[in-house]
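Q: For reference, the chains in residue letters:
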Amino acid sequence: MKIISLALLLVFSTGIDLQAQSIYFTREGKVSFFSEAPLENIEAHNHRASSVIDLESCKIEFSVLIRGFMFEKSLMQEHFNENYMESHLYPRATFKGNFINCDEIDFEADGTYPFEVEGELEMRDISQSIAVEGVFTIKNGHINGKAGFTVLVADYDIRIPAIVRDNIAREIEVTIDADYRKLER
Amino acid sequence: MKDHCLIYFFVLIMFLPVAGVFSQESLLDMLGEEAEIEYAMATFKTNRVINLHSLENTHRGVLDIKIGHRFGLITGGFDNFFGLDNAVTRIGADYGLLEDLQIGLGRSTFQKTVDSYGKYRILRQSTGAVAMPLTLSILGSAAVRTDPWVINDQKVENKYRWFYTWQLIAGRKFSDFFSLQLSPGLVHRNLVETADLSNTTVHVGIGARFRLSRRVTLNTEWIYVLPDQIDDRFRNSLSIGLDIETGGHVFQLHFTNSLPMTEHGFINQSTGDWSKGDIHFGFNISRVFTIVKPETFR
Numbered sequence: 001m002k003i004i005s006l007a008l009l010l011v012f013s014t015g016i017d018l019q020a021q022s023i024y025f026t027r028e029g030k031v032s033f034f035s036e037a038p039l040e041n042i043e044a045h046n047h048r049a050s051s052v053i054d055l056e057s058c059k060i061e062f063s064v065l066i067r068g069f070m071f072e073k074s075l076m077q078e079h080f081n082e083n084y085m086e087s088h089l090y091p092r093a094t095f096k097g098n099f100i101n102c103d104e105i106d107f108e109a110d111g112t113y114p115f116e117v118e119g120e121l122e123m124r125d126i127s128q129s130i131a132v133e134g135v136f137t138i139k140n141g142h143i144n145g146k147a148g149f150t151v152l153v154a155d156y157d158i159r160i161p162a163i164v165r166d167n168i169a170r171e172i173e174v175t176i177d178a179d180y181r182k183l184e185r
Numbered sequence: 001m002k003d004h005c006l007i008y009f010f011v012l013i014m015f016l017p018v019a020g021v022f023s024q025e026s027l028l029d030m031l032g033e034e035a036e037i038e039y040a041m042a043t044f045k046t047n048r049v050i051n052l053h054s055l056e057n058t059h060r061g062v063l064d065i066k067i068g069h070r071f072g073l074i075t076g077g078f079d080n081f082f083g084l085d086n087a088v089t090r091i092g093a094d095y096g097l098l099e100d101l102q103i104g105l106g107r108s109t110f111q112k113t114v115d116s117y118g119k120y121r122i123l124r125q126s127t128g129a130v131a132m133p134l135t136l137s138i139l140g141s142a143a144v145r146t147d148p149w150v151i152n153d154q155k156v157e158n159k160y161r162w163f164y165t166w167q168l169i170a171g172r173k174f175s176d177f178f179s180l181q182l183s184p185g186l187v188h189r190n191l192v193e194t195a196d197l198s199n200t201t202v203h204v205g206i207g208a209r210f211r212l213s214r215r216v217t218l219n220t221e222w223i224y225v226l227p228d229q230i231d232d233r234f235r236n237s238l239s240i241g242l243d244i245e246t247g248g249h250v251f252q253l254h255f256t257n258s259l260p261m262t263e264h265g266f267i268n269q270s271t272g273d274w275s276k277g278d279i280h281f282g283f284n285i286s287r288v289f290t291i292v293k294p295e296t297f298r
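Chains A and B, in that order, are what the protein sequence lines are. The first sequence begins at 1 in my numbering and counts up by one. The second sequence begins at 1 in my numbering and counts up by one.
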């Protein structure tokens, strides 16, 4: 009985260890967006995105503060927060998704691993399903992930007044570039 | 022996819920919360309430070109096209040297005044990692009359032509809808009209904004000059207007009893009487240009 219990305990504790080993994170992920419009291109960068990947459960999550997006023009940044994203009401954008091809990815071995993620992108209390394709590059233990997708402004109830309609594109290209580290506990 | 088994069993039980937690909660919870400072944003649409300096600073590396007009009295009737025939103009430039330090220069047709100022933000309203209930700034301005100013057939000497203003600006964005600021201050005049007037006057300004829609706010300001400091013909400045924002521009349209647009002028030399309809229509146009790009864009 004692031995069985011990064995069970061992199995569980190693199980927990395994889970910890499969978890990778970043707090300095780069999220950028770009939109091309007849009058003005709009570009913004956020270098403080948080993300966690669990290769055991094949899950990935992203979270970014809307206020953290830096624009070339500070007034544009203010309007982005105040008038469009209303970041005082909805401070974050989050993504929760699952890898489709999780078993093909190995963060312990150098190489490039294309991946596909399906999940929910939530902004302004509105959740939309999106599919994201990207690639992980592992080199000398350095883990980098790059991905991109398109967001439709209308999907998130972002209202653009008629007077500036020509200045703002209806589609926004989002790119992600993040370096992950193993989560030590 | 049996007791030992029980202990192992309990140890096992203790681990089970932990293992369960990992699969249920958000992965991001594992990173913990990183507290950030959230500064209050857009307390006012621009760095002026109407005439008064607002507690907003022009952002670092941004040049704000301002053109202001104050027309004649709207009681001027059709002969003067309700005041639109005459206008006082100020052309000015504001620049954000640092995120908290703004400087500016202007030239106004009112007494051909040249003015310059510096505004430094000491405290900034924020929540999050640092909770600060209000914004506090200090303003210092100097203005000089360059018009042919003659008293008793003598041109007024240069040293008498200067005016200085100091103001503390304390305010808060109470909600999306409402912001309020108080601006207590001093104006020093190197020359006054009569000997019984003091060279230094004390005033308190109040400015408020009400957000009517995403792009339009209603602004109002009143500047109370403590009694017996200025000539009887001068009144306290009272103004009300709309801020309309369209991308890179802010249009401020207002009614005011003040013709001058420099501090000492509208604080101590406003002549219009609201109760007699002695008011002026006016506007400020603000256009911003990014001179120094943020680091990520260089």
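A few of these clues could be false.
Calculated cross-link-like contacts (lysine to any residue; reagent style SDA-like; alpha-carbon spacing at most 25 Å) [unchecked claim]: (1) Lys293(B) / Ala154(A); (2) Lys293(B) / Phe107(A); (3) Lys293(B) / Arg48(A).
Just some of the chain A residues that point at chain B, by a computed CB distance under 7 Å [as the list claims (entries may be wrong)]: (4) Ser50; (5) Glu72; (6) Val164; (7) Asp166; (8) Glu184.
Worth flagging that the hints you see were computed from the coordinates, not collected in a lab. Glycine included, each C-beta is placed from N, C-alpha and C at the ideal position.
Q: Failing hints, ascending?
A: As far as the earlier hints go, 1, 2, 7 and 8 are violated by this structure, in ascending order.
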